[in-house]
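Just so you know, the sequences run in chain order A and B. Everything in the first sequence is counted per the numbering used here, starting at 507 for the first residue and increasing by one. Everything in the second sequence is counted per the numbering used here, starting at 507 for the first residue and increasing by one.
Everything labelled a hint here was simulated from the structure, so no lab data went into it. A couple of the hints might just be wrong.
Since copy identity is lost for identical chains, a pair holds within one copy or between any two.
Said to hold, decoys possible - When the alpha-carbon atoms are kept at most 25 Å apart in a straight line, the in silico BS3-like pairs for lysine-lysine are as follows: (1) LYS831 x LYS819; (2) LYS819 x LYS638; (3) LYS586 x LYS852; (4) LYS780 x LYS819; (5) LYS780 x LYS794; (6) LYS780 x LYS528; (7) LYS794 x LYS525; (8) LYS831 x LYS586; (9) LYS525 x LYS852; (10) LYS826 x LYS586; (11) LYS826 x LYS567.
No experiment lies behind these values; they were computed from the predicted model shown.
There are 2 protein chains.
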Amino acid sequence: MNHILTTELEIRTQHFQDKLAKQELDGAIILLNSDLFYFTGTVQNSFLFIPVSGDPVLMVKKSLQRGREESPLKNIVPIKHPREIPGILASFGYAAFANIGMELDVLSFNLYQAYKKIFLQAELRDISPAIKEIRAIKSPFEIERIRNSLRVADQAFLTIPTFLREGMPEIEVAALFEAELRKRGYSGCCKMRSFNQEFFYGNVCSGGSGFYPSYFDGPVGGTGVAASNPQGAGWKKIARNEAVYVDYTCIIEGYTGDQTRIFCIGELTPRMEKAFSDAVLIQAEVLKTLRPGSLAEDSYLLALQLAEEMGYKDHFMGYKENQVKFLGHGIGLELDEWPIFANGVKTPIQPGMTFALEPKFVFPEGAIGTENSFVMTEEGPEYLSITPEVITYLP
Amino acid sequence: MNHILTTELEIRTQHFQDKLAKQELDGAIILLNSDLFYFTGTVQNSFLFIPVSGDPVLMVKKSLQRGREESPLKNIVPIKHPREIPGILASFGYAAFANIGMELDVLSFNLYQAYKKIFLQAELRDISPAIKEIRAIKSPFEIERIRNSLRVADQAFLTIPTFLREGMPEIEVAALFEAELRKRGYSGCCKMRSFNQEFFYGNVCSGGSGFYPSYFDGPVGGTGVAASNPQGAGWKKIARNEAVYVDYTCIIEGYTGDQTRIFCIGELTPRMEKAFSDAVLIQAEVLKTLRPGSLAEDSYLLALQLAEEMGYKDHFMGYKENQVKFLGHGIGLELDEWPIFANGVKTPIQPGMTFALEPKFVFPEGAIGTENSFVMTEEGPEYLSITPEVITYLP
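Work out the full structure, taking the sequences as your base and the hints as a guide.
Now the structure itself:
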């Protein structure tokens, strides 16, 4: 069992127990895979109890063998049904609960009702804000994992010129690029915590496809391949002299990197080239002002102000009525972590926070801009993305 | 706007309104993407109200333009925040609600609370069983879509011999196979309705990897590439004379096909070959007895009985403590639709139901078996899978 992981989990649990104490909770039941993984190192089908003080108990339904192999926690026991939880916890001396924290931001109402019956005497309270707060600040161990995701992203982005061809449908570019990520260990579903948000790998859109809006809470839409999945790569063929916008997650060992790069077969119009430089410029200005303690909304507001001064009022972060009101988002085990760099969000940016910033513009002829992953340090934001930040022109 | 889709949606809505009337609900608010798509033809970020009688109202947050392009519904209006819903509905003459149905199987407790505040006078009741019941029986239009997903799956499965090589890591086989699916329009995230279940495309596992259990509620695990995603393809290299188990979804235009085929470089042991034939035999016996009106559990119990008689007690649908207690599952817009062919499930199988049956065995040397997608007709089950049901041997 990994010694570093053991220490990591102890520290994470301690932070969480401090929050539990402050909220006068006797403990919390953790169920969501990303939170389970964060506190235990495993996502085997299980139920985690973290008491306000004392050792956590991981109750594993399937597979117990694997739960014990993957997690260094001391107390890992079998369970068949959640109704056994109180009995199991009592055997560890955890009983007579008045208040229990649960992830009420993701737990369904029906499951909430089921847990109410299991813990008849306890009040179930939302513990998700505390989890999000703790998870927003990454340890050096986690930062190294996200850095690695961006290294892998870089390797995959560098292959794009080897297969990107005029006349190739966007979806084929996506297929080939995703295979480059996947064979390097892209580890599965991109996780979003918000209800109903879905993101499959990323977004390739070329030329006018980038102008087509979508349900997704991001600046750039894309047609998608069908109305059932109306976002990202579609059937349009890559043409000469248009922006090929490639915005992808790279998830390695559960940790999400996120970056965007622009490719072009031939050349772009001066307006598109200028917009790219201006996006990079806005990013640079934001990075200059972003320091430990800066408020998340300030980055967005500065970027918005600069974009408007540059004449991009209708184009910044989407076109007109489809503009989104943020500049970036936290990244980690989920794609939509805290902090959110959005209007009204007064989260102070702290060392250890990892995030993607994505100043982008949308025009009828296409989407363009940049996106990089960063970590906040004591000295300011540091790039985790290592792919050269240029438009890659192909002959 | 597609005339067939318009008729489809009218029929689906009518079925749903019959259920609403029986449950004495004034209407339902539909939020989940797969349900939204089913009733509207779009998954733009929106809120759907279906009254117990009268025309539905689709309130679209983003993108309204696209919602109107994709959905043939009559009433499609803009909305910025769910608190506007009562006002908008009142403008259509829908007001003074006593009971409203919602998808309480997936709606989070926090969102439930938010809707309680929006509809202060109404009781919010779970409408998800009614939705699952209606969605379980597919129209000819939907069956043709699932048939098409299996056609695309077939095309992709037929490419496997062109790239499967000894020494190739499982994850690279997965990457190349997924690219074959993706470039043909695999449309995005595989949807599972159950909490915390995640399935990314499918599962390639070779030899002993198939013996490694997982959290996933399926017969075969696989190591996965990391503890964060401990299921399916991992880093093990494909060896000679072992079963390469390929169990994949193929999602085209939102509709899920599901099938498993076995490949082998070299030859399999007589035990593995016999297990494959026995799985096919069990499937044939189940298909003989499966008629409209059969109970879902009977198929599972028959398969279990046959497997035990054949001497596979510890190997059927997983190994020993990791065995799962079902034989198959409904397929459609989600991978875990009704009916579930499991112990205790007394759902009568009806014409129009589409499902995957997957008799499989797990041994220390690997996983083997079969899986096909079917539709129930008046005369009995009909194959939707068209890929030859044989072990494909490569030199």
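Taking the hints in turn, this is what the structure says about them:
1. LYS831 x LYS819: Within. Shortest intra-copy distance 12 Å satisfies the 25 Å Cα cut-off; inter-copy 58 Å does not.
2. LYS819 x LYS638: Neither: 32 Å inside a copy, 45 Å across copies.
3. LYS586 x LYS852: between (43 Å within a copy, 22 Å between copies)
4. LYS780 x LYS819: Within one copy only: 15 Å inside a chain, 68 Å across chains, cut-off 25 Å.
5. LYS780 x LYS794: Within one copy only: 21 Å inside, 68 Å across.
6. LYS780 x LYS528: Classified as neither; 51 Å inside a copy, 61 Å across copies.
7. LYS794 x LYS525: neither (33 Å within a copy, 59 Å between copies)
8. LYS831 x LYS586: Classified as between: cross-chain Cα gap 13 Å, same-chain 45 Å, threshold 25 Å.
9. LYS525 x LYS852: within (20 Å within a copy, 46 Å between copies)
10. LYS826 x LYS586: For LYS826 and LYS586, only the inter-copy Cα distance (15 Å) is at most 25 Å; the intra-copy one is 52 Å.
11. LYS826 x LYS567: Close across copies (14 Å), not inside one copy (49 Å); limit 25 Å.
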